[in-house]
Structure formats: C-alpha cells, structure tokens
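Undergrad: Sequence:
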Amino acid sequence: MENYELRQNSKNFFKANTQQFVFALILIFLVTISFDAIERLFLMTYYQIPFTFNNFIQYDTLVDVVETQFNVGAILISLLINIIPTLISIGLSLAVLKGIDQGEFFVKDIFNVFKLNWGVLLTMVILIQVIVTFLSILIIPGIIASYSLAMSVYIFYDRPNNSAIKSMKESHAQMKGKRLKLFMLQLYYLAWILAVFLVAIVFVVINPILGIAALFVQMGIVTYLSVLLTIVEVNFYKENIRNLIGE
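Using the working numbering, read the sequence shown as starting at 1 and increasing by one per residue.
Keep in mind that the hints were calculated from the coordinates and are not lab data. Think of the CB as a built atom: it goes at the ideal place given N, C-alpha and C, for glycine as much as any other residue. Misleading hints may appear alongside valid ones.
Unchecked claim - Derived CB-CB ranges, DEER-like: (1) GLU2 to ALA195: 18 to 26 Å; (2) PHE111 to GLU2: 33 to 41 Å; (3) GLU2 to ILE139: 28 to 36 Å; (4) ASN243 to ALA16: 20 to 28 Å; (5) ASN12 to LEU210: 46 to 54 Å; (6) THR133 to ALA195: 23 to 31 Å; (7) ASN112 to ALA16: 15 to 23 Å.
Said to hold, decoys possible - Lysine-lysine pairs mimicking DSSO-like chemistry, simulated, CA-CA at most 27 Å apart: (8) LYS108 to LYS98; (9) LYS238 to LYS176; (10) LYS169 to LYS181; (11) LYS11 to LYS166; (12) LYS11 to LYS238; (13) LYS11 to LYS98; (14) LYS15 to LYS98; (15) LYS238 to LYS108; (16) LYS238 to LYS181; (17) LYS98 to LYS181; (18) LYS15 to LYS181; (19) LYS238 to LYS169; (20) LYS166 to LYS178.
Construct all of the structure, not just a fragment, from the sequences and the given hints.
TA: Written out as structure tokens, the structure is:
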C-alpha cells in the first residue's frame, strides 16, 4: 500500500469514528496539559528557576537550562513524570490497533493498557525512554533508535508472553530497512506539528498572554495531529510488520 493511500485510509478511519476520537482527543489533551505543567513546575523547582509566568510558558528556556546544567537525576525524574502520559499514548495506539482489527474504535479501550503485564510494559517504556533520551543528545542516533523501537509495544500486544527486551529486539530487527519508509509516511504530519510549534513560539515572543493562549491551541492541534500519526503508525505495523512476526 502506497503512503498516500495509507494516509487516506487513516483519515477515513478517523472520520468513521469521529465522536469516539473527539473524546480520546479531550482525554489526551487534559492528560498532556496536566503532566506538562507538573514537569515544568518540577524543572523550575529543581533548577531554582524563578516562578514567573514567562518562565512557566517558555518551555524552550527550561530546556536550555536543563541542557546547560545536565543532571541525570533530573532527567530520570522527568521521565518518571511522563510515564502516565506515555501509558495513555500507548493505550491509544493499542485501542486504535484493536479498532482497526474490529472495524470500530472505542475510547474506553485506551484504558486496556492498564490490564497488560505491568512489569513488562513499564520496563519497556522506561528502557525505550532512557535509550532514546540519551541517544538524542547526538540527535541522529536518537531518531534512529525511536524508529527502530517504534513497533515494540505492538509486538508485545500481539505476543503478550514476550519479555520487554525480546519485543524491543524484534522491533529493531523488523524495522531494519523500514525506518525511512515510516518516517516518510509520517513526514506530512510532522511538518504540520513543526509549523504549529513555530507559530506558538512567535506568539510567546510577541506577548505572554497570547503565548499562553497559543500554548493551549498548540497542544490541541498537536494532539489531533498526533492521533492521526498514531493511526498511520498502526496501519504501517499491520501492513509491514505484523505478517512477519505472526499475530
């Protein structure tokens, strides 16, 4: 299946389940906003950044501080803070996979992620986050790692008896030669996400009040685009990976 056709199928699946996806968007948006605020407050406290409105909304300033005052402990705590949003994101991916398999998406299926083997799932989430985060210091290796391990959760879903390491190894093995294909498939949405971030940054620079409004709008649009990215990724898995590992 060509990339254009796969993207169109993903959009059609979204349209066919619009109401349920709207509920999913609201859920993910609220979770994202809440834990993003918690992470910002943590970073401001940890690095003793003054609690001002401007410092809170200017995330790039916080990132600059983190990068210039590199601290492993702070990075690990940030990763832990993001575990719940990550699990919800994984839950969406698996709910979409189930929905595509059955022809209908239900937002309640997102919470099925909490019924999976917690030990294996959390180990996988933490390992992937740690690997990608530390390799991202060199940028390109981090991108390669994120795409190499992108199918780990889907493989674990189809093979629940797998260990975290085995699912990650299978993802790495099956994604060889397919990383660029997935990237090109997602590039359309990634370009829009980048454009939204750039516009939000401009508003932050122009006016703090506009900045906070832009932050909410930005997260809403990015959440929508991220859901489309998830559907595309699931379709990619079904088309290119699942038949190789067996359901």
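Undergrad: Taking the numbered hints from earlier one at a time, note which ones the structure violates and give those numbers from smallest to largest.
TA: Going through the list in order, the structure violates hints 5, 11 and respects the others.
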